[in-house]
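For reference, the chains in residue letters:
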Amino acid sequence: MSSIEKLVPSGSQTVGPFFRIGLEWMAERAPLLGEGAEGRIEIRGRVIDRDGAPVPDALLEFWCSGGGQCDDSGDGWPRGFARAATDLEGNFAVVTMKPKPVGFGDGSMQAPHMLVLVFARGLLRHLITRVYFEGEAGISSDPVLEGIAQERRGTLVARRVSEVAGSYRWDVVLQGEQETVFFAW
Amino acid sequence: MANLSTVRTARPETQPEFNYPPYVSSIGRSPRMPLVLLPETPTEKTGPVFGHGLIRNGDNDLTAQHEGEPIGERIFVHGRVVGEDGRPVCGALVEVWQANAAGRYRHKVDQHSAPLDPNFSGAGRALTDHEGRYWFKTIKPGPYPWGNHHNAWRPAHIHFSLFGAGILSRLVTQMYFPGDPLQPLDPIFNSIPDESARMRLVSRLDMERGEPDYALAYAWDIVLRGTSDTPFEEARQ
Chain C
3 MSSIEKLVPS
13 GSQTVGPFFR
23 IGLEWMAERA
33 PLLGEGAEGR
43 IEIRGRVIDR
53 DGAPVPDALL
63 EFWCSGGGQC
73 DDSGDGWPRG
83 FARAATDLEG
93 NFAVVTMKPK
103 PVGFGDGSMQ
113 APHMLVLVFA
123 RGLLRHLITR
133 VYFEGEAGIS
143 SDPVLEGIAQ
153 ERRGTLVARR
163 VSEVAGSYRW
173 DVVLQGEQET
183 VFFAW
Chain P
-2 MANLSTVRTA
8 RPETQPEFNY
18 PPYVSSIGRS
28 PRMPLVLLPE
38 TPTEKTGPVF
48 GHGLIRNGDN
58 DLTAQHEGEP
68 IGERIFVHGR
78 VVGEDGRPVC
88 GALVEVWQAN
98 AAGRYRHKVD
108 QHSAPLDPNF
118 SGAGRALTDH
128 EGRYWFKTIK
138 PGPYPWGNHH
148 NAWRPAHIHF
158 SLFGAGILSR
168 LVTQMYFPGD
178 PLQPLDPIFN
188 SIPDESARMR
198 LVSRLDMERG
208 EPDYALAYAW
218 DIVLRGTSDT
228 PFEEARQ
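These protein sequences, in sequence, are chains C and P.
Start counting the first sequence at 3; every next residue gets the next number (our numbering).
Start counting the second sequence at -2; every next residue gets the next number (our numbering).
Keep in mind that a hint or two might mislead.
[Said to hold, decoys possible] To give a feel for the contact side, a few chain P residues facing chain C, derived at Cβ under 10 angstroms:
no.	residue
1	Leu1
2	Leu35
3	Ile68
4	Gly83
5	Pro85
6	Gly121
7	Arg167
Just so you know, these hints were derived from the structure itself, not from any lab.
This one's a predicted model, so the numbers in the text were calculated from it and none came from an experiment.
Even glycine gets a Cβ: it sits at the ideal position worked out from N, Cα and C.
Turn these sequences into a full structure, and let the hints guide you.
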């Protein structure tokens, strides 16, 4: 590959406030998994800005690697991918299959997680983060979490909502003291 | 930790900064803590695959979604999606959305007083073919005012969303039109510091691909991160 001169990737621009026109169709699909289905999880949360104000025009995309381990359909919809937009109060909800542990690439394992892309008016480039799940055995030894300062790791862990099985709470803080960990790209 | 390479960061100046104060909304919504290097694990090396079942005939024709034709300048927009190695990205999902010819979005948040067009929704989608090509038929969007600063107007643009091979190739951007005098005044366009990277967001008038007595064409090629060889999730057969 090194002999081929690399082209520079096209520049990113904000998704803007009107992305629902073009992107919401994929968030509108009825969840394949009915309530109580095996492996079904629901993540609810809120996207907030520097002032703790809700971000009503954010779009989250969830990616879960590991073929066949996630959401499975036969009509052209991608497996392991889900999209959710925030409402006027900055709230989002996404229903998907609970990810399984995934290899790290060196023989060790990562705790179940999803990669999350965050788009919003005001974000000229999207943000990349990850969500893990409270109570999973591998969390304390996850190689990616281990690389993050202890006091910030919690921002990547969705908390169990005790009264409902498979229900999690995870907020995304774009800026401030409780700022979510975002990754460089 | 194992010796995995980390996700590569963009070449300096070719992507916008997260915090770009001339674009006022970026100030309170962009992170201030240092971004963390992410090892490139199987999660980062794979990505969603979109099947042809998702796209219906006509999804790439924004002028044929209603009973009548929308008002405005009919145009074709086409181009190629390639990876950093210059090779085509096939089966890339391309989603577009835009304002109508008067500069108004069909969206409840858009308060601009310009009229809606009952024959224009402003959304389309397509999958690239085996040569990485896409095309849309639409109408040229109008510029519109926004609240960023006094007398701020967005240059005419079409929003593009793309998925290539692997989730890291994800790109959301905007395509602009050649010769638009609003571009030098627009903080979103100017958030990309490198001039040549910025100007690559401007499409080119393509007299070869237009149709005489019918429509002009604009050509716009897109380069996604990674290559077409990036391993990704097997497509469901």
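Hints, verified against the model:
Nearest Cβ of chain C to the Cβ of Leu1 of chain P: about 5 angstroms, under the 10 angstroms cut. The hint holds. Annotation: Leu35 of chain P was flagged as interfacial toward chain C, and the flag holds, the nearest CB pair being 4 angstroms apart, inside 10 angstroms. The criterion of a C-beta within 10 angstroms of any C-beta in chain C is not met by Ile68 of chain P, whose closest approach is roughly 18 angstroms, and the hint is violated. Against a cut-off of 10 angstroms between C-beta atoms, the interface hint on Gly83 of chain P holds, since the closest Cβ of chain C lies about 6 angstroms away.
Because the closest C-beta pair between Pro85 of chain P and chain C is about 12 angstroms apart, greater than 10 angstroms, the hint is violated. Because the smallest distance between the Cβ of Gly121 of chain P and any Cβ of chain C comes to about 8 angstroms, under 10 angstroms, the interface hint for this residue holds. Residue-level restraint check for Arg167 of chain P holds (minimum Cβ-Cβ distance to chain C is 6 angstroms; threshold 10 angstroms).
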